[in-house]
Amino acid sequence: MGLTAEKWAPDQNVDGRSISVHPVWLPMRFDDVTGRITYANGEFQLVKINARRGDSEIELAGTGQVSPDGRWGVGLTRVICDRIQVDHAFTEALPDGLRQAIRQLEYRGPLSISGNARLNGGESKPTDVGWDLLLDIENGAIDNCLKLEHIHGGVRLTGEKNSKGLTCRGELAIDSLMTRGVQVTQVQGPLWLDRLQLILGSRADVTRPDQSPRQVTAKALGGRCALDGHVVLDDRLAYAIDVWFNEGDLQAIADTTHMKRHDISGKAYSVLKLSGAKAGLHTLKGNGQVRLRDANIYELPVMVELLSFLSLKTPDDTAFTLGDIDFRINGEEVYLDRIDFTGDAISLKGKGWMDVNRRINLDFYALVGSHELQLPLI
Numbered sequence: 002m003g004l005t006a007e008k009w010a011p012d013q014n015v016d017g018r019s020i021s022v023h024p025v026w027l028p029m030r031f032d033d034v035t036g037r038i039t040y041a042n043g044e045f046q047l048v049k050i051n052a053r054r055g056d057s058e059i060e061l062a063g064t065g066q067v068s069p070d071g072r073w074g075v076g077l078t079r080v081i082c083d084r085i086q087v088d089h090a091f092t093e094a095l096p097d098g099l100r101q102a103i104r105q106l107e108y109r110g111p112l113s114i115s116g117n118a119r120l121n122g123g124e125s126k127p128t129d130v131g132w133d134l135l136l137d138i139e140n141g142a143i144d145n146c147l148k149l150e151h152i153h154g155g156v157r158l159t160g161e162k163n164s165k166g167l168t169c170r171g172e173l174a175i176d177s178l179m180t181r182g183v184q185v186t187q188v189q190g191p192l193w194l195d196r197l198q199l200i201l202g203s204r205a206d207v208t209r210p211d212q213s214p215r216q217v218t219a220k221a222l223g224g225r226c227a228l229d230g231h232v233v234l235d236d237r238l239a240y241a242i243d244v245w246f247n248e249g250d251l252q253a254i255a256d257t258t259h260m261k262r263h264d265i266s267g268k269a270y271s272v273l274k275l276s277g278a279k280a281g282l283h284t285l286k287g288n289g290q291v292r293l294r295d296a297n298i299y300e301l302p303v304m305v306e307l308l309s310f311l312s313l314k315t316p317d318d319t320a321f322t323l324g325d326i327d328f329r330i331n332g333e334e335v336y337l338d339r340i341d342f343t344g345d346a347i348s349l350k351g352k353g354w355m356d357v358n359r360r361i362n363l364d365f366y367a368l369v370g371s372h373e374l375q376l377p378l379i
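Numbering (the working numbering), first residue to last: 2 to 379.
It is worth saying that the hints were derived from the structure and are not from the lab. Certain hints may be false.
What the hints assert, rightly or not - 30 Å max Cα-Cα, derived DSBU-like pairs, lysine-lysine:
hint, residue 1, residue 2
1, 220, 148
2, 352, 286
3, 220, 279
4, 148, 8
5, 268, 286
6, 268, 352
7, 268, 220
8, 165, 279
Based on the provided sequences and hints, a complete structural model is requested.
Structure follows, in structure tokens:
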């Protein structure tokens, strides 16, 4: 014995006879449901099921079965959600670990979702969920301490939620985003998510023995970035990140910091190890280095240029061509343990500190010529 039920498209309906559903395995309401369901001998088929949720359009297709003891299973071979809003109802409908992660990320904006999923449950059995989904982000934002805006791109998530917990592996493919006025492009790399943590980069990657683990990579300020990160998904939201930045363009960095100079050039290299928590800047701890190479920091005044005859090589018209900075971060203060600027005419060595209120305290002493090549007399 078989049964077929079909709901026609809305323009063929009599007014007031639309269908809304509220699945127990996905606690969200769907309106204007259309499509066809066939059932025979405990098995059913979903054929082009369409629905609406607010301004979002949803399409599902797949198969399933129902057992006499109340067990059931659904395999969705086609899941398409167009511009679904990540609101409170959507977040609460997600599996446990995903729900917590979305809350901590404080994501806002629409998502388009495509892929497949499976669900299994029963009268006294919690629902098991598995998925392989592509999330397409169009002008999304993360409003927590990361402050990521104008996110465009995709994230692929493959995972499951069962009695053992949540496990989810992902792959970032973000085309562009903005963070604190800086555009970051081509964000790519692996991630791992479970109920307790979010891991980005090499610790999240699965590789063959002959491969090196991949970091999350990106481009920004004319250079290349690489990142490893770890976020603990509890109320404290503690995090630790290691960031490497290579071949950054000094002029692009100056433009971002609103320095009104157009005579700066060179490359910047840096490394940063930082840890903290959601509570605020006072939780920050870290250290790092900055290296400037082939730099043209600023034009030399004429009187300073006269000192260049004490150098052992022909001077150019730039003040500093090399820069080495070692620093530590403790709460809202940055301690500059080593500052070396090297030029043809003069070199500066120093140390100091600065804070988030833009207070700066620096002590320098000068050397005539390059500090790498000093005459004993001088």
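Cross-check of the supplied hints:
1. 220 - 148: 18 Å, holds
2. 352 - 286: 19 Å, holds
3. 220 - 279: 26 Å, holds
4. 148 - 8: 45 Å, violated
5. 268 - 286: Status holds; Cα separation ~26 Å.
6. 268 - 352: At roughly 22 Å apart (the allowed maximum being 30 Å), residue 352 and residue 268 satisfy the hint.
7. 268 - 220: 14 Å, holds
8. 165 - 279: 28 Å, holds
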